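Which chain is which? The protein sequence lines are X and Y, in order.
In terms of numbering that gives the first Met the number 0, the numbers along the first sequence are unbroken and rise by one, the last being 227.
In terms of numbering that gives the first Met the number 0, the numbers along the second sequence are unbroken and rise by one, the last being 239.
Quick caveat, the hints were computed from the structure, so don't treat them as lab data.
Since the structure is predicted, the reported quantities are computational estimates derived from the model, not experimental observations.
Hints may be right or wrong, so weigh each one.
Coverage of chain X stretches by chain Y, computed from C-beta distances (three or more under 8 Å per stretch; other residues unrestricted) [what the hints assert, rightly or not]:
1. 15 to 23
2. 129 to 140
3. 187 to 200
Only part of the chain X face toward chain Y is listed, based on derived beta-carbon distances under 7 Å [stated by the list, open to error]:
4. Leu165
5. Leu168
6. Leu169
A short list of chain Y residues far from chain X (calculated; beta carbon distances all over 12 Å) [to be verified]:
7. Arg9
8. Thr75
9. Lys107
10. Ala157
11. Leu188
12. Gly225
Glycine residues also receive a C-beta, built at the ideal position from the N, C-alpha and C atoms.
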Amino acid sequence: MLSVWAISRLVAGKDLRVEWRSRVVSNQVVPFAALMMVMFAFALDSDSVLKRVAPGLVWLAAMFSLLVIVQRAFAVETADGALDALRVAGVRGAGIFVGKALALAAQLAVLELILLGAAIVLYDTHLVGSGIALLACTYLTATLGLSFVGTLYGGLAAGAKGRETLLPLLMLPVAAPVLIGATRATEAALGTAGATTSDGWPWIGLLALFAVAFGIGGTLAFGSLIDE
Amino acid sequence: MNHFGPTSTRFTRALGVATILGLGWLAVFGLLLSPDDVVQGSYARLLYIHVPSAWLAYLAFGVTGLASGAYLWPRTRSMQWDRIAGASAEVGVLFMALALVTGSLWGKVTWGTYWTWDSRLTTTAFLFVTYIGYLAVRDLGGSHEQRARRSAVLALLAVLEVPLVHFSVSWWRPLHQAETIERGGLKGLMLFSFFVGMIAFTLLYVWLVMHRQRLMMLNDMIDDSGLDRALAERRNEVAP
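Start from the sequences, fold in the hints, and give me the full structure.
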């Protein structure tokens, strides 16, 4: 029997291969995220306001894009009953959970970097040399936390018709601490509104705690959530 | 088929009478006998409903969490726990809505705003949304066991979520509102009626949950007997 880790590598590889061949995230979700960044600028209509709220907008756009990516990740599984087939074949839920979460994290990380680039180009945000390490840690912990939560609730909402609309309702309240923590940490890393790097590190602790809590919770709970 | 009886028993009827008496006293006192607050005037009367509703909602969500844990624990697994969890969450969402509405009305007249981003308020709002999601998941369909397992896992995830939300929000906005009811600010008859309100709302909770979970049991039984009934009808059609 394969170990959980071996299963998760296979599942993650499969998901990334599906994306590589279909290009749904790169051709549809990334343009959607970039469009959101433009729409935010239309709505807020002020250079100084945009510069002030840029970190929040980056993470807000990342969360909304995450909803779309999660739906895509589970549409692939449920369209031909692939998830049921995996379960019938005796593949453990924990392996599926970790694998899908890692594939999701990889896609989300690329998307978030593009969003940061968009903030630099569109909102006149500047990277600060001393904040790079903090920014990298923020991206790592927040992306993992969001991916675990996305996979967990995506699995629950996958399957029968009409459940897609349930995903935002279930996922966004849970992901709220990531939005708060990642935004504050990014503000500290970029020096937005006079924040300093030392303001940001405590938030990394919260983000890491969140990722660990939902990583463990998801590994334990995922199997019983997707059982039909 | 004597199970398809009414959802009341002698106990729930007695409980119902006690609840009505308590709520009646609360209404008479809160609306007529209670003096106006020195600062807040008549608006302070909202607290007679607001505080017990909030208490009841927290109690209800706590019971949902415990009952969900009892369902998932193999030794105590029973559909009874699932129904108690579901009934309790329904009552909790209702009273949390009441607490939020009365709280914002009270906030508007005393603080001048419907909402402040205080950590307790924000956590409460998240709790409310989370359990609306929980109720939506209970309605997803599938077998009763699927519903029970899925929603029990979700309720336990909410137990994981709520401290994280509370923690992050209170960190984000460290300025806490002062306790809205000052300790010792309520005296004599007011304090007595306040406790009557708490007890009456708690009895109301028990009464509602008992009826609701019995109703759920009847619903589940109708679902279960649906196939048998359909088969019986078919047989009768064929039979001459």
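Hint by hint, here is what the structure shows:
{"no.": "1", "hint": "15 to 23", "verdict": "violated (count 0)"}
{"no.": "2", "hint": "129 to 140", "verdict": "violated (count 0)"}
{"no.": "3", "hint": "187 to 200", "verdict": "violated (count 0)"}
{"no.": "4", "hint": "Leu165", "verdict": "holds (6 Å)"}
{"no.": "5", "hint": "Leu168", "verdict": "holds (5 Å)"}
{"no.": "6", "hint": "Leu169", "verdict": "holds (5 Å)"}
{"no.": "7", "hint": "Arg9", "verdict": "holds (39 Å)"}
{"no.": "8", "hint": "Thr75", "verdict": "holds (16 Å)"}
{"no.": "9", "hint": "Lys107", "verdict": "holds (25 Å)"}
{"no.": "10", "hint": "Ala157", "verdict": "violated (8 Å)"}
{"no.": "11", "hint": "Leu188", "verdict": "holds (41 Å)"}
{"no.": "12", "hint": "Gly225", "verdict": "holds (19 Å)"}
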